[in-house]
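Based on these hints, arrange chain Z on the given structure of chain E.
Each protein sequence line maps, in turn, to chains E and Z.
Numbering (the working numbering) for the first sequence: 698 to 894.
Numbering (the working numbering) for the second sequence: 5 to 106.
Any given hint could be a false lead.
Claimed, not checked - For the chain E half of the interface with chain Z, some residues (derived, Cβ under 10 Å), not all of them:
(1) A716
(2) M760
(3) E831
(4) P872
Think of the hints as simulated: they come from the structure by calculation, not from any bench.
Note that the structure is predicted; figures quoted are calculated from it, not measured.
Backbone N, C-alpha and C fix where the C-beta goes; we use that ideal spot for every residue, glycine too.
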Amino acid sequence: MLLGISFGVVAQPLMGHIAPVVMSAIVFAGAAQFAATAVLADGGGAAAAIVAGILLNLRFIPMGIAIAPSLRASVASRAAVGQGMVDASWAMANRGGGRYDVPYMLGATLVQYPAWVAGAAIGVLANDVIGNPEDLGLDAIFPAFFLALLVNELRDGMSMAAALIGAALALALTPFVPPGIPVLAACAGAALGLVRR
Amino acid sequence: MSEVWITIGALAVATALIKASGPVVFGGRSLPPAALHVISLLAAALLSALVMTQTFADDQDLVFDARAAGLATAAGALALRRSLVVTMISAAAATALVRALT
Numbered sequence: 698m699l700l701g702i703s704f705g706v707v708a709q710p711l712m713g714h715i716a717p718v719v720m721s722a723i724v725f726a727g728a729a730q731f732a733a734t735a736v737l738a739d740g741g742g743a744a745a746a747i748v749a750g751i752l753l754n755l756r757f758i759p760m761g762i763a764i765a766p767s768l769r770a771s772v773a774s775r776a777a778v779g780q781g782m783v784d785a786s787w788a789m790a791n792r793g794g795g796r797y798d799v800p801y802m803l804g805a806t807l808v809q810y811p812a813w814v815a816g817a818a819i820g821v822l823a824n825d826v827i828g829n830p831e832d833l834g835l836d837a838i839f840p841a842f843f844l845a846l847l848v849n850e851l852r853d854g855m856s857m858a859a860a861l862i863g864a865a866l867a868l869a870l871t872p873f874v875p876p877g878i879p880v881l882a883a884c885a886g887a888a889l890g891l892v893r894r
Numbered sequence: 005m006s007e008v009w010i011t012i013g014a015l016a017v018a019t020a021l022i023k024a025s026g027p028v029v030f031g032g033r034s035l036p037p038a039a040l041h042v043i044s045l046l047a048a049a050l051l052s053a054l055v056m057t058q059t060f061a062d063d064q065d066l067v068f069d070a071r072a073a074g075l076a077t078a079a080g081a082l083a084l085r086r087s088l089v090v091t092m093i094s095a096a097a098a099t100a101l102v103r104a105l106t
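Chain E extracted, bound-state conformation:
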């Protein structure tokens, strides 16, 4: 909800009151929405904004492969389940050993979706009151949120090592490649799973 509100606040000056809510409703991918909005606000144009959003969403490819073995249904319903992936519910549905609790993930997403859209609506309305969202430190909500999810993932030495490699890769690559790619590349940290235990 807090994240949704901050998107509405950030997007309103550029997009007006309707578009941020529509975007939250049909794109439903927080990092991509923020990135595309930032590019447009900087005058980068639609093509650059779309590319930025897509780059940040590429992480859903490995995330989708991760849940794939836990899916047994038809192609159409698998495609539909894929739409139910968002960072938080995907991470919380991780049961270890490569298994994902798909019904749990979908339930968690179902709760987050209305909060995300309603948050954007509140955010666009609150924009006039709040002013500059950075004055309230709203941009620090995201790392705090992801850190809380990360803590739940650190089960053993292997997961801590994978997290350290992921963090190091992301920081090392940031100066050299467009935003979104460092996070995608950091997934390589999971290759540690190939080491025999």
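Below, chain Z alone, put in the same frame as chain E:
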């Protein structure tokens, strides 16, 4: 159509396709144990990368700004086993405070 609406429409379609790709291509089959080990570590690697880029990256620049104070506060809140909402709000408050003072 304005740039904003073109961006929204294209991202909606692209995101749906990207999210569908993994489950459609790899769904319904069993993967070898090594692949499952890799999968079980994906979340840790991905989330820690997101923490880093959301705190220390400004586009392609590495920066150390008020968000670092927010992250440290969040870590403290989590160490004290505070709830997610308390963690996020305290991180925002710490960041806002540091920005106001600097």
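Here is how each hint holds up against the structure:
no. : hint : result
1   : A716 : 5 Å, holds
2   : M760 : 7 Å, holds
3   : E831 : 7 Å, holds
4   : P872 : 6 Å, holds
Of the hints listed earlier, there is not a single one the structure fails to meet.
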